[in-house]
Every structure is written in structure tokens, then in C-alpha cells.
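Undergrad: Sequence:
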Amino acid sequence: MSLQSLSLGSLNLRIRKRVFNLFFNHRIKKNYCDQFEHFITYMIVLNMAGLVLEHIPVIYETREHLFHIFDVFSLVVFSIEYVLRLYVAPEDPAFSSAKYPRLAYCKSPFALIDLASILPFYLGAFFDADLRVLRALRLLRLFKLFRALAPAVNEFLELNKDKSYRYKIYALVNETPTSGNLHHIFDMFIVTWVILSVLAVIFESVHSINYYLHSEFIILDGIAVAIFSTEYLMRIYSSPEDPKYKGWLLGRLRSASRPTSIIDLLAILPFYLEAVLHHLFDLRFLRVFRLMRLLKLARYSGATQSLFIVIKREWPVMKAAVFIMLLLVMLAACLGYLFEHEAQPDKFENIPQAIYWSVVTLASVGYGDISPITPAGRAITIVLALLGIGIFAIPAAILSSALSDQLRIERESMMTELYTMLEDGVISADEQELIEAEAKRLHLSQGELTRLLEKAKVEMGVDHAHEKDAKGGKPGKANTGEMSLEFLSKHPELAAEQLKITISKLQQIVSVSDRQELSKFVENPDNVTALQSSLLKLLLQHDGDKSKNKG
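Quick note on numbering: the sequence shown equals residues 1 to 551 in this note's numbering.
Hints in this document: simulated from the structure, not taken from any laboratory. Every residue gets a Cβ at the ideal spot worked out from N, C-alpha and C, and that includes glycine. Any given hint could turn out to be false.
Cβ-Cβ distance ranges computed for the label pairs, FRET-style [unchecked claim]:
| no. | residue 1 | residue 2 | range |
| --- | --- | --- | --- |
| 1 | L149 | W248 | 29 to 35 Å |
| 2 | K17 | V58 | 23 to 29 Å |
| 3 | R16 | H184 | 27 to 33 Å |
Below, in silico cross-link-like pairs of lysine to aspartate or glutamate (DMTMM-like), each with a Cα-Cα straight-line distance of 20 Å or less [stated by the list, open to error]:
| no. | residue 1 | residue 2 |
| --- | --- | --- |
| 4 | K30 | E410 |
| 5 | K161 | E175 |
| 6 | K30 | E448 |
| 7 | K455 | E523 |
| 8 | K17 | E64 |
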């Protein structure tokens, strides 16, 4: 019996440790800890959204059963989370040293918040309670977000304990070596409010929703403007920490003139203009410009930043293409007016009115609201439609090819960084994090990243020593660049790279060798095979042609 209880206790210990390492151990990188926390965060946000949508009768009354199902599902998820955290408390370093780890966990602030977010619903099953009160208690789930926020704040303060206040602000709003996870939480907070504010603008235009939530929309917009204004001031205030914007006034002005800063300003400017100048002008039309807050998301997308770089680099070519387009549009409008004015004076009244027809014709859209009826006008329309297919495609082709080229340049830059990291033959943990972050920015899959790493190792001559050691290979060959045929047979792309390196080495050997002695050696069939002779003669001929071109 004691052996059975001992085996059960050992099994329980292994399961508990396994669960903790899978879902709650931040020290292990390749587990489900981050995914689990992100899932809980999304559930909290969705619960808050559900709480708001329940106050819209047109949405809630016809879908009440769906809201109930989601509420039950959320309750089950948060209950499982609480039970799991209670179960693995003895493995958590924060509670493992206590005499009763689970009791210590139950008394912790986060555990009390977790319990408060689910306990009222279980109590409501046994006691009579107002269901509206129970729904309102779901707001307590917002406090669960502090579980991720508190460690990030402590980490940030520790990393920046010797820094100035302005640098701390700069590290919070910009990616720096001391930003830590708090910067990512700040970015996620801003992105969330951008999405919420834009959704509010969209739903305001729906009368049935705006009727019930008009006050809530006003409050939400006020909070969003306060958040975005604070972010804008933080960025401008801390900008002199960047060497490119040194200077108390001029540096901040240069920072404020950046496209991203202008977008941040436009996101809040309509609110202040309407508040200050509403008694002089009717500025309600400015509210629609709150949708420009979506442009703030461009700051957090590596692909968008690459697109801006491409547009800036290809702008001279783009200007030429746009000029040709405008020239063709004006020429088409003039011809349309010339041939169709007398036949359709109401549709081709003047050249500015004919510009609309020329644009939709050249763009090959042709809405049909304005169509030529004269033979000359129809002939011109056919020619313009055919020309428009190519002319209007030029800017798109320029952007697509330039974007592909930019991505290639950035990947080549990443390869250069990989070569630098592999100079010592080893990629450290910090270097691996940098590589993964850059791969994420360039939207590289794990397979593509692995292929680039293998390619860099081959070109740098770094051998797969760990594979050879596992098979009993000889030590001391870590930097010879040699790979087994078996390994190359499984990696054809590496085999091709190895072949290129071998041919390059042969070319170098031929270029530094005595051509006459090498030719005599090649001509003797006892020294080389027919294939080797042909290959060496080809290399000698290539080297000779190269020498003549230099001469």
C-alpha cells in the first residue's frame, strides 16, 4: 500500500511539474506560457466587449443565448486557470518556500482577484442574487491584467534604475535595450485603444447603436484622446534621447515633423479643433477624420515601414509615372470634350467634368454612368481603355518590384548579421533572440530562418559538430566546413551552396598557381581523369579570359 501511495505521489509530482513547465514557467522559452497568457488576456478583453454589447438591445435581445454561452465558457476558462495555478503553486518559486504553498498562493493579491472574478457566479447558483450585479462583477476581471503588468513594471524599473526620468519615458515608448516587456505592453495598449476608438467611430454611424450608447461613445472618445495626447507628449518630450534629435527645441521640432509624429497629431487634432472652435464653425465633419487613427498602426508593422522606405527610394520614378498618368488623363478629357460635347452637353459640359470619364476609362473601371455615343468618342474610349491597362499598372509594378527588392536587401542585411554572429562559430542566446526578432519583422517562417542559418553556417565554414558528435564523429573538426554526404543528400539547398564554395576555392587555387605547370599536369592522363581534366581546363580558360580582360 505504501509503495502504491509512493508511486501515486511520484506521478502527481511529475504531472504537477510538467503542467507548471508547460503553462506557467517563464524561464523556459519553448513552452506554452506566453500563448496561455495571451489567451487569458484576449478572454478578458472579449468579456469587457461583451459587457458593453449587452447594453445594446438591438444586438443583445436577439442573441441573448450566445452571450450566455460565451459567459459560461469564460467562467469555465477562468475557473480552470485558477485551479491550475492553485495546483502548481508548490512549483512556483514565489510560493514554494512557504510552509503551505497553496495557502500562500490563495492569500496572494492575484489569486484573490482571480477568485473574485469567478466566485460570485458560483455563489449565485446557491443563493438568490441579482443577475445584473453578477454581470457587473465581470469588471473585476480587468484586474487580472495586472498579473502581466506588475512583473513587467518591476523588470523595467530594475533595468532603468540608474537612468534619467526622460530616458525612462523614451525607453517606454521606443524599443531600447532596457525597454523590456513593459514597452510591448505599452504598444499593445495603444494598439487596443486605436482599434476601440475606430470601432466607436464606425458604430456611431449606426443610428440604432448610437441611440443607446451615445454617451458611452463620447466618454470613450474623450478617454482615447487623453491616451493618444499623453503618448504624443511623451514621444515629443523624450525625443532628445535619440541622437538624431538632439536639442531642447530644434530636436523636438525635427521629431514632431516626422511622418509618424504628424499621424499622431492628426489622430487627436479633430477633437481639440471641435472643442475650441465649435462656436465659430460647424466642425462636426472633422469627426470622420478620427478614422485616421488607423494610420498609427503603421508604427507597429515592419512591412509598412518597408513600404515607406520603398516609396521614399522610388519617389523620383513614381513622380515620372504619375506625370505620365496625369498627362494622359488630361489629354483624354480634352478629346472626350471635343468629340462628345455637342452630342451630350449634360455629361460632357466642360473639360473638368470630362476628367471623371477619362479617369474611370483609363482605370478600366467604366461605371457606365458616362459613356460616349459618337463613333469618334467610342474609338477614343477603346484606345484609352487599352492604354490604361498598362499606364495605370506602372506605379503598382514599380511598388511591387521595389518592395520585393527591399525585402531582398533586408534579408541580405540579416545574412550579413548572421555572418558576423558566426565569426566565433557559436550563436549565443542573446544573438538567437535578435535573430528571431529580425525574422519576425521580415515575416520569415521558422523553416526559412533555419535555412538561412544553415546557409550562413556553410558559407562561414562552421561544421555541424553536434551532429557529428552524436554519430561518433572525430572532435576538432568544428570549423573545417566539412559535411557528410548523408547530410548533404537530405539538404539539397546546402549541397548547392557547398558546390558553389568548392568551385570558388578551385578558382582561387587556379588563379594563384603556375599556369604552365598546371597545364602540363592536366595534359598527363595518369594524373587526372577525363572529367577532372575537362574541369581544370575550363577553369584555366576562365582564368585566362579574366586576365585578358584586366589587361
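Undergrad: Against each hint, give a clear statement of whether it holds in the structure.
TA: Going through the hints against the structure:
A hinted range of 29 to 35 Å for the beta carbons of L149 and W248 is consistent with their spacing of about 33 Å. Look at K17 against V58: about 51 Å separates their beta carbons, and that is not inside 23 to 29 Å. For the pair R16 and H184, the supplied restraint of 27 to 33 Å holds, since their beta-carbon distance comes to about 30 Å. Between K30 and E410 the CA atoms are separated by roughly 27 Å; this puts the pair beyond 20 Å, and the hint is violated.
With a C-alpha separation of about 17 Å, the suggested pair K161 and E175 falls inside the 20 Å cut-off, and the hint holds. Restraint check for K30 and E448: satisfied, since their Cα atoms lie roughly 18 Å apart, inside the 20 Å limit. Of the supplied pair hints, the one linking K455 and E523 is violated, its CA atoms being roughly 36 Å apart against a limit of 20 Å. Between K17 and E64, the direct Cα distance comes to roughly 41 Å. Violation of the 20 Å bound is thereby established for this hinted pair.
When held up to the earlier numbered hints, the structure conflicts with 2, 4, 7 and 8 and fits the remainder.
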